[in-house]
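Protein sequences appear in the order of chains Z and G. Everything in the first sequence is counted per numbering that gives the first Met the number 0, starting at 0 for the first residue and increasing by one. Everything in the second sequence is counted per numbering that gives the first Met the number 0, starting at 0 for the first residue and increasing by one.
Careful, some of the hints might be misleading.
Per the computed footprint, the stretches of chain Z lying under chain G, defined by three or more beta-carbons under 8 angstroms from a beta-carbon of chain G, are [to be verified]:
{"#": "1", "stretch": "93 to 99"}
{"#": "2", "stretch": "218 to 224"}
{"#": "3", "stretch": "269 to 280"}
Derived from the structure by calculation, the hints contain no laboratory data. Remember, predicted model here, so these are calculated numbers, not experimental data. All C-beta atoms, glycine included, are put in the ideal place defined by N, C-alpha and C.
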Amino acid sequence: MAILLKEHTKVMVQGLGKEGQFHAEKMLECGTKVVAGIRPGKAGQDVLGIPCFNTVADAKAATGANASIIFVPSPFAADAVMEAIDAELELVVLITEGIPTLDMVKVKNKLKNSKTNLIGPNCPGIITPGVGKMGILPVSIFMPGKCGVISRSGTLTYEVAAQLTAVGIGQSTCIGIGGDPVIGTSHRDALEMFNNDPDTDMVALIGEIGGTDEEIAAEYIKNHMTKPVVAFIAGSTAPKGKRMGHAGAIIAGGKGTAAEKKEALRAAGVAVADSPADVGVTAKRILEG
Amino acid sequence: MKIHEYQAKEIFAKYGIPVPEGQMVTEVGDVRRFFEEKGGPVVVKAQIHAGGRGKGGGVKFTPTVEEAEQAAKDIMGMTLITHQTGPEGKLVQRLLVEKAANIDREMYLGFVMDRETSRVAIIASTEGGVEIEKVAAETPEKIIKIWIDPAVGLMPFQAREVCFKLGLEGTAFKGGVKMLQNLYRMFVEEDASMAEINPMIVTKEGEAMALDAKVNFDDNAAFRQKHHVELRDISEEDPLEVEASKFDLNYIKLDGKVGCMVNGAGLAMATMDLIKQCGSEPANFLDVGGSASAEGVENAFRILMSDKDVKCVLINIFGGIVRCDKVANGVVEAIRNIGNVEVPIVVRLEGTNAKEGLEIINNSGLNFHTAQGFADAAKKAADLAEGIGGA
Numbered sequence: 000m001a002i003l004l005k006e007h008t009k010v011m012v013q014g015l016g017k018e019g020q021f022h023a024e025k026m027l028e029c030g031t032k033v034v035a036g037i038r039p040g041k042a043g044q045d046v047l048g049i050p051c052f053n054t055v056a057d058a059k060a061a062t063g064a065n066a067s068i069i070f071v072p073s074p075f076a077a078d079a080v081m082e083a084i085d086a087e088l089e090l091v092v093l094i095t096e097g098i099p100t101l102d103m104v105k106v107k108n109k110l111k112n113s114k115t116n117l118i119g120p121n122c123p124g125i126i127t128p129g130v131g132k133m134g135i136l137p138v139s140i141f142m143p144g145k146c147g148v149i150s151r152s153g154t155l156t157y158e159v160a161a162q163l164t165a166v167g168i169g170q171s172t173c174i175g176i177g178g179d180p181v182i183g184t185s186h187r188d189a190l191e192m193f194n195n196d197p198d199t200d201m202v203a204l205i206g207e208i209g210g211t212d213e214e215i216a217a218e219y220i221k222n223h224m225t226k227p228v229v230a231f232i233a234g235s236t237a238p239k240g241k242r243m244g245h246a247g248a249i250i251a252g253g254k255g256t257a258a259e260k261k262e263a264l265r266a267a268g269v270a271v272a273d274s275p276a277d278v279g280v281t282a283k284r285i286l287e288g
Numbered sequence: 000m001k002i003h004e005y006q007a008k009e010i011f012a013k014y015g016i017p018v019p020e021g022q023m024v025t026e027v028g029d030v031r032r033f034f035e036e037k038g039g040p041v042v043v044k045a046q047i048h049a050g051g052r053g054k055g056g057g058v059k060f061t062p063t064v065e066e067a068e069q070a071a072k073d074i075m076g077m078t079l080i081t082h083q084t085g086p087e088g089k090l091v092q093r094l095l096v097e098k099a100a101n102i103d104r105e106m107y108l109g110f111v112m113d114r115e116t117s118r119v120a121i122i123a124s125t126e127g128g129v130e131i132e133k134v135a136a137e138t139p140e141k142i143i144k145i146w147i148d149p150a151v152g153l154m155p156f157q158a159r160e161v162c163f164k165l166g167l168e169g170t171a172f173k174g175g176v177k178m179l180q181n182l183y184r185m186f187v188e189e190d191a192s193m194a195e196i197n198p199m200i201v202t203k204e205g206e207a208m209a210l211d212a213k214v215n216f217d218d219n220a221a222f223r224q225k226h227h228v229e230l231r232d233i234s235e236e237d238p239l240e241v242e243a244s245k246f247d248l249n250y251i252k253l254d255g256k257v258g259c260m261v262n263g264a265g266l267a268m269a270t271m272d273l274i275k276q277c278g279s280e281p282a283n284f285l286d287v288g289g290s291a292s293a294e295g296v297e298n299a300f301r302i303l304m305s306d307k308d309v310k311c312v313l314i315n316i317f318g319g320i321v322r323c324d325k326v327a328n329g330v331v332e333a334i335r336n337i338g339n340v341e342v343p344i345v346v347r348l349e350g351t352n353a354k355e356g357l358e359i360i361n362n363s364g365l366n367f368h369t370a371q372g373f374a375d376a377a378k379k380a381a382d383l384a385e386g387i388g389g390a
């Protein structure tokens with residue numbers, strides 16, 4: 000059954016501009032149930048045969064949509080997420096990059112005690128191969144299977160998924176959780192979901208420098224994880240105090256180095272690949288025991 | 000985005016946070032004028048985007064006008080090396096001259112984004128004027144930490160709690176509470192990502208004051224903080240990084256020989272890591288973005304070529320929504336437009352239309368080295384950069 004994005008997931012798209020339409024079409028092509036679009040002031044119109052609504056609540060009431068993918072530009076993105084959380088959608092994927100951190104602090108606060116799982120922002124989204132995708136990931140490199148993938152990055156996720164597929168390891172669900180300092184679903188949150196998912200039997204975790212998300216994940220793995228985990232941490236060569244593209248990928252105050260994260264994961268029993276080219280073969284070795 | 004101390008103090012003053020009376024100067028003679036007008040003693044402080052200036056000789060206390068002038072002469076134009084500047088140091092082009100305060104006590108006060116709780120946190124300590132990371136590591140009990148609920152903001156009781164723990168009394172207590180509230184207001188209204196006062200002091204007259212000021216802004220909020228553009232000091236940044244930022248490219252200059260061009264920040268970091276494992280060093284971090292447009296590729300290439308340390312270029316593109324054939328066309332076009340590209344170029348294309356992309360590369364008549372897979376690409380690039388194996 001995979002996690003988060005399942006057979007019953009019915010998706011609305013917030014922000015059906017050029018980019019939103021392009022990706023909505025790709026999502027439909029791979030079987031995703033895209034049932035509504037949100038275009039304030041343009042209710043009643045159709046885009047790609049998808050009916051449009053003024054508000055998230057209207058779209059939910061009319062179509063039974065329980066998830067949303069957001070392409071709204073960064074100045075207005077926090078408002079769009081708040082609307083989706085308010086409408087009690089189960090899953091919200093926030094693709095938008097460049098959202099002010101203090102806006103995300105407010106979003107994160109509203110997420111507490113809500114019914115919503117937020118993925119992102121600044122992320123490639125989520126795919127359950129064979130079922131559908133909410134995001135911008137290229138479908139062709141994924142293959143249905145039983146390995147969960149969690150990653151802070153976009154193209155590095157593709158790299159790892161392609162390696163797994165190449166060695167014959169399919170994926171249950173792949174989640175790009177995003178590269179910002181404040182994000183919805185964390186590595187730890189996603190690990191817990193995979194741990195509880197009967198159709199996932201191992202997890203590949205792709206982290207990077209900055210913050211303590213990987214250390215918190217390591218703590219969870221040590222105490223609760225019943226399935227094998229393979230990992231790679233990007234940024235061993237990154238200098239201190241420089242932001243490596245992602246707003247969250249920065250070694251600040253000497254904290255958040257790749258070495259610390261690898262050590263924490265190894266201590267928790269994770270098979271950490273030193274080379275980013277070896278994640279697939281490491282996973283294969285673990286599976287074959 | 001980083002700003003200078005004198006700029007941060009101007010913002011503080013606007014938000015009602017007491018700072019010493021001072022003036023930014025670019026001419027040494029203005030230090031004498033300030034001293035004669037306002038009276039001494041004064042403090043002369045180098046203005047660079049890095050901490051640890053005092054230890055590096057960039058901050059001087061001067062009781063007489065002659066000493067002030069001498070300090071200004073010494074510091075202006077010096078290359079200041081601190082633990083934050085790197086070994087090459089930073090050229091001092093601006094000074095801040097301030098009336099010296101009568102310091103009774105020094106403390107630490109900072110507001111930061113705490114990623115673990117996704118909240119703004121106040122960090123305070125009775126230990127001021129020293130590195131706070133060191134205090135946190137050696138005497139964690141001396142660190143006061145309070146988290147702010149974004150829905151209600153900093154509550155007065157929280158500001159009082161911090162000031163009680165700092166041991167403030169009387170007018171200094173009242174001033175401290177007000178300083179915290181004003182600093183939080185500044186943090187939110189200006190979209191700061193960090194605000195640090197080290198040291199925050201109490202003067203002998205009983206006033207709480209910001210003796211130093213460090214503020215960073217959230218780049219993502221630039222669209223609603225248009226006035227911050229004027230605060231940017233491009234001379235403090237790497238020229239190639241400034242050039243790259245004009246084209247929305249994420250570029251960071253490093254010290255190695257392999258110039259890297261990658262789509263996506265995570266893959267770009269991983270590529271750097273793999274180059275190092277293959278025995279060379281990356282010359283840069285460069286993310287051409289998820290879309291990797293022909294224009295973006297060309298601009299990226301020009302920036303890589305202007306780094307004279309680059310001995311080999313590695314292009315690592317994982318096509319997703321962006322098609323590899325499109326990127327390949329961009330690369331070929333870029334090299335033809337630039338002309339005279341003499342360094343070897345290793346190309347690895349994977350994902351959407353990778354085969355078509357490789358055909359374009361191979362049929363271009365240009366001297367590319369194509370690679371099979373991630374590991375092969377990094378190995379070839381590292382060997383070429385290091386002159387190994389005649390690859």
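Right, here's what the structure says about each hint:
no. : hint       : verdict
1   : 93 to 99   : holds (count 3)
2   : 218 to 224 : violated (count 0)
3   : 269 to 280 : holds (count 5)
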